[in-house]
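Residue numbers for the sequence shown follow my numbering, so the first one is 346 and each next one is one higher.
Incorrect hints may appear among the rest.
[Said to hold, decoys possible] Restricting the straight-line Cα-Cα distance to at most 30 angstroms, the calculated cross-link-like pairs of lysine-lysine (DSSO-like) are:
{"#": "1", "residue 1": "LYS447", "residue 2": "LYS507"}
{"#": "2", "residue 1": "LYS739", "residue 2": "LYS877"}
{"#": "3", "residue 1": "LYS752", "residue 2": "LYS739"}
{"#": "4", "residue 1": "LYS480", "residue 2": "LYS516"}
{"#": "5", "residue 1": "LYS495", "residue 2": "LYS516"}
{"#": "6", "residue 1": "LYS752", "residue 2": "LYS775"}
{"#": "7", "residue 1": "LYS480", "residue 2": "LYS495"}
{"#": "8", "residue 1": "LYS775", "residue 2": "LYS739"}
{"#": "9", "residue 1": "LYS495", "residue 2": "LYS447"}
[As the list claims (entries may be wrong)] Here are the computed distance ranges between Cβ atoms for each label pair:
{"#": "10", "residue 1": "ALA707", "residue 2": "GLY849", "range": "33 to 39 angstroms"}
{"#": "11", "residue 1": "THR789", "residue 2": "GLY836", "range": "49 to 55 angstroms"}
{"#": "12", "residue 1": "ALA750", "residue 2": "ARG590", "range": "52 to 58 angstroms"}
{"#": "13", "residue 1": "SER816", "residue 2": "ALA766", "range": "32 to 38 angstroms"}
{"#": "14", "residue 1": "VAL454", "residue 2": "SER601", "range": "32 to 38 angstroms"}
Quick caveat, the hints were computed from the structure, so don't treat them as lab data.
Bear in mind that the values here come from a model prediction, so they are computed numbers and not experimental data.
Beta carbons are placed, not taken as given, at the ideal position from N, Cα and C, and that holds for glycine.
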Amino acid sequence: MRLVPRRLRLRPRLRGLPRLSRPQRPRLGRPRLGRPRPGRLAGALLAALLTATGVGTVAYAAPSADAVPTADAAPQIDVPAAPMGWASWNSLASQIDYDTIKAQVDALVSSGMAEAGYEYVNIDEGWWWGTRDSKGNITVDTEQWPGGMKAIADYIHSKGLKAGIYTDAGKNGCGYFYPTPPGTPPAPGSGSEGHYEQDLRAFQEWGFDYVKVDWCGGQDEGLDQETTYRAISEANQAATAVTGRRLVLSLCEWGSGRPWNWAAGVGDLWRTSTDIIYWGQTPSATAMLSNFDQGLHPTAQHTGYYNDPDMLMVGMRGSNATLDRTHMSLWAVSGAPLLAGNDLTTMTRQTAGTLTNPEVIAVDQDPRGLQGVKVAEAAAGLQVYAKVLSGTGKRAVLLLNRTSAAKPITARWTDLGLTGAPASVRDVWKRASVGTHSGGYTATVPAGEAMLLTVSGTEAPGTAYQSTTGSFTVTAGTAGLKLADITYANGGTAPRTATLRVGGQYATTLALPPTGSPTARRTVSVLLSLAKGANTVTVSGGPDTITVQDLPGTDGVQAVGG
346 MRLVPRRLRL RPRLRGLPRL SRPQRPRLGR PRLGRPRPGR LAGALLAALL TATGVGTVAY
406 AAPSADAVPT ADAAPQIDVP AAPMGWASWN SLASQIDYDT IKAQVDALVS SGMAEAGYEY
466 VNIDEGWWWG TRDSKGNITV DTEQWPGGMK AIADYIHSKG LKAGIYTDAG KNGCGYFYPT
526 PPGTPPAPGS GSEGHYEQDL RAFQEWGFDY VKVDWCGGQD EGLDQETTYR AISEANQAAT
586 AVTGRRLVLS LCEWGSGRPW NWAAGVGDLW RTSTDIIYWG QTPSATAMLS NFDQGLHPTA
646 QHTGYYNDPD MLMVGMRGSN ATLDRTHMSL WAVSGAPLLA GNDLTTMTRQ TAGTLTNPEV
706 IAVDQDPRGL QGVKVAEAAA GLQVYAKVLS GTGKRAVLLL NRTSAAKPIT ARWTDLGLTG
766 APASVRDVWK RASVGTHSGG YTATVPAGEA MLLTVSGTEA PGTAYQSTTG SFTVTAGTAG
826 LKLADITYAN GGTAPRTATL RVGGQYATTL ALPPTGSPTA RRTVSVLLSL AKGANTVTVS
886 GGPDTITVQD LPGTDGVQAV GG
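Starting from the given sequences, assemble the full structure and let the hints guide the process.
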């Protein structure tokens, strides 16, 4: 398989499965809504996992002249996890005010969701009607928001939570083009174009911690996604220089500008598709699977930057316990943001239990910060996804049955980048061990459902390559996705950035957290898309070593990004 050309993403459609599509954006009822840091890389160790040719057979790449024995790995360092919280749009649309949000905040706490890690309360479209004063400052309806937006942010903070707010990249926001529910007056001027720094500074001064920037106005005006969101990111930095309160930046251009190629370091998370559910619809497996599939860009998700397949439908009217568990499993193996979209004030105990299962959350929030990838599909629709977890020999495994009948699905240890040695297996939803198994594990998965497991086994060995220039020639036995561990030292107090590039693909920005001292070495992880044969991998800042380890997988060979 060739490396993907620039501006082209290639992922073969699964044979025997229909192509899933999302509903077209309606003209009535707008769509559901979904760090750069200065410094130098002190030294790096990059471990890339290569693919294998079959079960139990590891195909090592022929070592180049600069190959050396595997170096002792530095400890892994935690990266910022994907945001967890609740967002207002899915269930409330524009029908929000101080009392409505306050009630959701109280329910988030009383239900146990806050204790489980759901910390953001994100106020979406409908909080503002596009009005400004003579100086261009946002003005709000004080009947809707007594005390202004600072008052609701203060209330959210009083519960130990963080506050999120919303705007649009264009002059007019989604509330102008798609007033929702139908009958809601349109809101002209409800975007931030021409006021990026002014508005973001206001949000920071009001005490908000997170901002979602939608794309309805940007789309209408024909703005360029990358250029526009880079300007917004710079405005966020400029405002932060004044207030000291940086906003987590959520880019919501629905994947239209291929943000997985450029958004790492521009924003913290970026939508990869259109909305998972529209006003008046009920949750569906089709929408869930479509957004899951469109959100798989594993080379872009690393070091605290995340693909965002949109808010959760768990617990919304028309869903059910089985769909909810499958939904959570898919988002967890993706390492996706967990932003609940249901009405928390009417949430059942069962829904709360689904949202707060600690082992599911642990898979999603794993501090290595990676996305799961498809590693096997022995028959059409019977899929195995694996997510590399922190630690050694740790994997989260999703067995997904997209067919219409219950079928056995096997996860083979060699497909996960492990040896065939015995490995312990745990059922995440049941929170129970299912024993120790050699070679792999087979389970019967009901039609349309998924099983989420964790596996603790033995990592395959690796080979190290050295360079004094930061440029490495890595030879892959097969094309596909590889895991890379980058070892570095950062004696500063803030994360530093480095630029990683594979061949002619788009470069990606890495965020390297402080390691405690200039000599303390730690590792962060990324996924690479390598062609069969020789690949040039460069990392800015002078890394000196790459460790290459096989990650077998008969179908884990999507070419992503590019």
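Consistency of the hints with the structure:
no.: 1; hint: LYS447 to LYS507; result: 13 angstroms, holds
no.: 2; hint: LYS739 to LYS877; result: 26 angstroms, holds
no.: 3; hint: LYS752 to LYS739; result: 26 angstroms, holds
no.: 4; hint: LYS480 to LYS516; result: 16 angstroms, holds
no.: 5; hint: LYS495 to LYS516; result: 23 angstroms, holds
no.: 6; hint: LYS752 to LYS775; result: 20 angstroms, holds
no.: 7; hint: LYS480 to LYS495; result: 19 angstroms, holds
no.: 8; hint: LYS775 to LYS739; result: 18 angstroms, holds
no.: 9; hint: LYS495 to LYS447; result: 13 angstroms, holds
no.: 10; hint: ALA707 to GLY849: 33 to 39 angstroms; result: 37 angstroms, holds
no.: 11; hint: THR789 to GLY836: 49 to 55 angstroms; result: 52 angstroms, holds
no.: 12; hint: ALA750 to ARG590: 52 to 58 angstroms; result: 53 angstroms, holds
no.: 13; hint: SER816 to ALA766: 32 to 38 angstroms; result: 35 angstroms, holds
no.: 14; hint: VAL454 to SER601: 32 to 38 angstroms; result: 36 angstroms, holds
In this structure, none of the earlier numbered hints is contradicted; all agree with it.
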